[in-house]
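> One-letter residues, chain by chain:
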Amino acid sequence: MWASGALSDEDRLDREETSRVLRRSIEFATPYKRFIYAAIGFVTITTVCTVAGPLLVKYATDEGLGGGVGAGSVSALNTAVVAYVVVVVINYLAGRQQYLAINNAGEGFLRDLRVRVFDRLQAQSMAFYDRNKAGVLVSRMTADIESMGELIQWGLLQFVSAGLLLVFTLITLAVLSWELTLVVMVVLPIIVAASVRFQRQSNKAYLDVREKVGQNLSSLQEGIAGVRVIQAYDRQDEQIRRFHGTNRALYRSHLHSVRVSVWYFGLVEWVGVFAIAVVIGVGGWLSHNGSIEVGTVAAFVLLLANLFEPVQQLSQLYNTVQSAAASLHKLYGLIDAEPDVGEHPHPVTLPARGALEAHDLTFRYDGAERNALTRVSIRVAPGERLALVGPTGAGKSTLAKLLSRLYDPSDGRVTFGDVDLRVASMASLRERIVVVPQEGFLFGGTIRDNIRIARSSATDDEVAAALDRIGALERFEEFPDGLDTEVRERGSRLSAGERQLISLARAALVDPAVLVLDEATSNLDPGTEVVVERALETLMTGRTVIVVAHRLSTVRRADRIAVVDHAKLVELGTHDELVERGGRYAALAEAWARSQPTAG
Amino acid sequence: MDPVRPTSGWPLLRRVLWEQRRGLIAGMLIGLAWSASKVAVPRLTRLAVDRGVIGRESLWFWSGLIAAMAVIAGVFSGWRRWVAFRESRLTETRLREQLFGHVMRLHVGYHDHTQTGQLMSRASSDMLQIQGFVVMIPLTASNLAMVVAVVIVLFTSQPLLALIALAPLPVVNLLAQRFSRTIHPAVLAVQAEQAQLATVVEESVSGVRVVKGFGAEQVQAAKLRVEADDIRRESLKSARVRSTFLPALDLLPNLGMIAVLGIGGHRVLNGEMTYGEMFEFFLYVVLLVAPLRSLGMTVAFGQRAAAALLRVNEVFTTVPEVDDPPKPRPLPTEPPVGGVRFRHVTFGYDPSAPVLRGFDLTIEPGRSVALVGATGSGKSTVARLLTRFYDVQDGKVQIDGVDVRDLRLTDLRRAVGIVFEDTFLFNDTVVGNIAFARPDAPIEEVHRAATLAGAHDFVTQLPQGYDTVIGERGFSLSGGQRQRIAIARAILADPRVLVLDDATSAVDPSKEHEIRDAMATVMRGRTTIVIAHRPGTIALADTVVLVDDGRVAATGTHDELLATSERYREVLAALREEDVDDTDDAVPVADPASGAASDEEVRG
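Chains A and B, in that order, give the protein sequences.
So for the first sequence, UniProt numbering puts the first residue at 1; every next one is plus one.
So for the second sequence, UniProt numbering puts the first residue at 1; every next one is plus one.
Keep in mind the hints are simulated off the structure, nothing from the lab.
From a predicted model like this one, the values you see are computed outputs, not experimental measurements.
We put the CB at the ideal spot given by N, CA and C, even for glycine.
A hint or two may mislead.
Label pairs and their calculated CB-CB ranges [said to hold, decoys possible]:
(1) Leu144/B x Pro480/A: 33 to 39 Å
(2) Asp112/A x Leu188/B: 53 to 59 Å
(3) Pro480/A x Thr182/B: 37 to 43 Å
(4) Ala353/B x Lys330/A: 51 to 57 Å
(5) Ser425/A x Asp467/B: 54 to 60 Å
(6) Gly135/A x Thr182/B: 41 to 47 Å
(7) Thr30/A x Gln196/B: 55 to 61 Å
(8) Glu462/A x Gly556/B: 51 to 57 Å
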C-alpha cells in the first residue's frame, strides 16, 4: 500500500474548477491518445480475465463435476482447465502491456506539462517574479508534478481497473443469481460507508501527521544547526527536552492515524469472511431450493474479493486523485497567465546607437500603495555615464529596470534612438541593452556555459575573446580544467570576484550599446578587486552606462549624477555642480566620505 | 572509550527490540490468533460445502461458525495492526530521541565536519526505514505461521495435490523480493533526474535577472527539455520493471488454481476427493498470496533497514571527544575573576598543519583584548579553544588559573559567553532567545540585558514586543538586530569571560556603530576577547593583539600598532577588502555554516 496524498480543505476544487481541469487535461493528453486507448483496452481485457476465472470454476463445477457430486463430464472439465490456462496467459500479457501503455501516456503528459509550465514561467516579466515567491514557483514545477508522477505509476491504473472490476463483478453476480446478489449487496453498503468515513478520518490524521513531521524536523534542524550556541551556553538538556516535546507529539499523531485505520481494517477483514458465511448460508439454501447451482455458490465465494478490494482501493485513491486535480489546477493557472512584458506583434529592430530617453515615466509595483517613480524624464546621450544615487527604496533601481525594460512603465515611455522599447524586438533589445546584476549569479555547468548564457550561438573562440577583452582570460585558463571547470563542483567554488568577472564577460560577449550596472554593495577579495575594476572600466569604455551606485568612487567617475528620492528625480548634474548646489547630493556625498573606513 | 566500531547496526537494533519485547511478543500472539482464524475459514467452508450445501445438512450451523471466525479475524486483524504500528513507532521515536541526545553532546569538531543535512537524514529517513522493518516483525511472524499452518493442513489432506498447487507459490515470494530490489534503484534513478530538473528550475527562478537581462530564456528552456526527457526515460524504465514483475505476481497463484482445478477435478470425478476438499484448496491458494508477497517485501525491507542501521550506528559509536574530566576542579570564586591565559598552545584542525604554534596570551581580569589577524591566522581558533569546542594538542588554556580541561563542561561554559559571527536565533520568542542560557531569569533582567545590548527599543516596537516569535520561521530581523539579541543573550548569561567573535561582520558598515555602542557597554569591567577586523570595533578594546602565523606577533593599542607595525597595517587593509568574503579560520571543510544555510533555503 502506497502513501496516499492528503488534501486540505482550501485545496478542494469546486465543480466548475474540476470540469475545467478535466477539459485542459484532455487537451494535454491528446498527443498520447493512442496510448490511452490502448491502456483502456488492455485494462478491460485484464478485468474480464479476472472475472472469467471464477466463472470457469463454476462451469467446471456444474458441467464437469455435476454440481460437485462426482457424476460429470471429463471433457467439460478439461475444456474449463484449458480455457483457464488461456485466460491466465492473456491476463498476463495484457497486464504487461497495460503498465507500459498507461505509463507512456502519463509520463508523456507530465513531460509536456513540465516543458509548458517552464516555458510560460520563462516568458513572464520581472513583475511576475516579484508577485510570486520563488519557492512556490519551484515547488509547482517539482513537488506538485512529482506527486502526480506517483499517481501515474500506481494510482491511475488502479483507479481505472478497480472501477471496472467493481462494475464487471456486480454485473456478473447479478446475471448468475440476482437473489444472491441482493443478499450480498446488504454487506456492500457497510463497506462503502466505512470506506468513506475512513477516507475522511485518515485524510485529517495524515494532514496532522504531516504538520507534526514538519515541526519535528525544524526542531531537529534547530538543534543540529544551533549546536554550537547550545553547547556554548550549556543548554543541551533543555534542547533535548524541547525536542522530546515535538518528537512525542509526532508519536501521538502517528498513533492517532493508526487508531483511525485499525477499526477500518478490522471491519474490512470481518466483512470479507462474513460475506462467505452469508453466501454459504443463503446460497446453500437457494441451491437446496434448486434456484441456483452449486457452482454458482462457489463462483460467488471466489468473486467476493473482487467486490470489496476495489471499494477500498477507490476510497484510498480518492484523495490522491483530488490532490492531483488541485495541483493541475494550479499548474494550468500558471500556463494560462499571460506575460505582461511581451514581444510586440510587429517588432522593430533597435538602431545600433542612440540616446536612451525616459519620457515622463511613472511606475507603481503591483499592489503597492505609492508610485515607485513619478513622472521621471531624463536623456542619456550615447557614450555618457550616468550614476543613479539615492536612499534605499527611493526608486533608483526601479528606474534602471525600466530603462532596460525588465518592467514596462505604468505611464510614459522609454525610447532608444527614438524607438519605444515596447515595440522593439526582444532579441534586439537584449543585444543593445545589457543588465549586469550585482551578484555574479552562476548556473550549473562549466565556466564556458555560464558565459555563453548571454549568447547561445557564440563559438568557443568568441567566449575566449570576450574574456580576453575584459582581461580575465588567463585567470580562468589557469584553472585545472580551464574554461571547462564545473562551477558548482566542490572545491572549485569561485570567489565573489570571479563570479563578477564571469558576469562581465557575459556582457562583453553581447557587446551592447548600453550597459546597466547595479553596483555591488559589498567589497570583493583584495586579489580580484583590482581585476574586476579594470575589467569594468574596459567594458564601460565607448558605451552608454547607467550605474546604480553605492560608492563614492563610482559616482565620481560618472559624467552626470541623477539623485532619485521619494520616487522623483530631484537633482541632475555633474559632481561639482551638485556639490556646489548644496542640496541632497552634497549631503549624501559628505555622509559617504565620513563612513568610509579610515584605516589602511 | 572503545575505538573499535562494530561493523553492523544489528546489536543496536537488538538492544532496542529487547526493550520492547513485551509489546512485540504480545503483537506476535495476537497475530497468531488472527492466523488461526484465517486458516480455519477454508476448512469450515469445505465442511459447509460438503455437508451443508451438497450433503444437505444444516447450513446455518456452518455458516454461523464461519461468521464467528469473521468476528475473530476482524478483531485480531485490527489489534495486530495496532500493536505492530505502535511498537514500531515507539522504536522510531525512542531511537530518534537517543540519537538527538547523542548528537547534542558530540564535540563541535564532529559537527564542523558533518553537514546538518546528513544528520537530519539519519534522524528522519533512516529512522523511517528502521520503523518500516520493525513493523514487519509481528506481522511477519503471523504471516509465517499462516503459511506453515496452511502447508501442513494441505499436505495432510492431499500431499500430491498440495505439492503441485503450492509449487508456484514460493516463486511469488522470490519474485516479490526481486521486485523490491530491482525497483528500488530504478526509483532512485527517477529521483536523481527529478533533482536535476529541480536544479534547472531553481537556478532559472533565482537567476531570473540574468536570464531576462541576456534574453537567455531559450538556453534554459533547452536545458529543461533535456531534464524532462530524462525523467520520462527513467520513469519508463521503472514502469518496465513493474510491468515485468507485477503481472507475473498475479499470474502465479492462478497457476496453482489451474492445477487444483485440473488434478483435483479428476480426483473428484474418480471419487478420491470431495468437491469441498477441492474448493478448500482454492481458498487456501488464494489465502497464501498476500502473506507470501509480504514475506518477500520483508526481506527487501530488512536489507534497507540494515543499511540505515549501519549509518545510524556510526553516529552512535562516535564518542564525544570533549567531555567532563573524571575529577573536575571548581573555579575560584573570590574576585577578581575572569583571568585568561594561553600557554604555549599548539593546535591544528589537522594536527600535522597547526594553526596555532606556541601561542601565548595573558588577559588580566576585567581587561579587553582585540584579536586581529589575517584570514587563517588562527584568531577565531583562540575562541574555540577557550570554550573547549576543540582541545589543544599541546600547551594549556586556563581560566583563573584552572586548566579548562579540568573543569566540568557546565562550569566552563557558564564562565565563558560567546557571541558568534553568524548569529543563531531559535524559533522562540525574543524573551526565549535572550533568556536562552537562563530560562528562569526574571523578566526585569531580560529587559535590562536587552537595554544594555541596545535591543530594547526595537524589540518593544515588534508586533508582540518581547513575545514576538523570531528565528527562521518567525519575524525576520535585520543582521544588526539579530546580533544585538545575541549580545543580550550573552549579557544575561553573565559570564566571567565574554568572546565577541566577529560580532559585527554581518552588519552593514553604516549600522555598525549601533552594535559598537552595545559592545562597549557590555565590555565595561568584564574580561572580553573581541575578534574583529573593522577599526571602529578594534578600538573598543584596551589592548590589540596581532595574531600572525599562529603566534602573537605584536601587542599594543590600535594607534601604537598602526604607527609601529607594518604587518598590522597590511592585515588591516586586507581585512577591509575581504569584509564580506570572510569565512572561518582554516577549518578544513566546506564551511559548515553555509551547509546549514542551504538547508534553510531548501526548507524556505
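> State for each hint whether it applies.
Hints versus structure:
1. Leu144/B x Pro480/A: 33 to 39 Å: Because 58 Å falls outside the window, the suggested range is violated.
2. Asp112/A x Leu188/B: 53 to 59 Å: Violated, at about 25 Å.
3. Pro480/A x Thr182/B: 37 to 43 Å: Cβ of Pro480/A to Cβ of Thr182/B: about 39 Å, so the range 37 to 43 Å holds.
4. Ala353/B x Lys330/A: 51 to 57 Å: Given a distance of about 53 Å, which is inside 51 to 57 Å, the answer is holds.
5. Ser425/A x Asp467/B: 54 to 60 Å: 56 Å, holds
6. Gly135/A x Thr182/B: 41 to 47 Å: 35 Å, violated
7. Thr30/A x Gln196/B: 55 to 61 Å: 28 Å Cβ-Cβ, so the 55 to 61 Å window is violated.
8. Glu462/A x Gly556/B: 51 to 57 Å: Since the Cβ atoms of Glu462/A and Gly556/B sit about 56 Å apart, the hinted range of 51 to 57 Å holds.
Violated hints, listed in ascending order, are 1, 2, 6, 7; each of the other numbered hints is respected by the structure.
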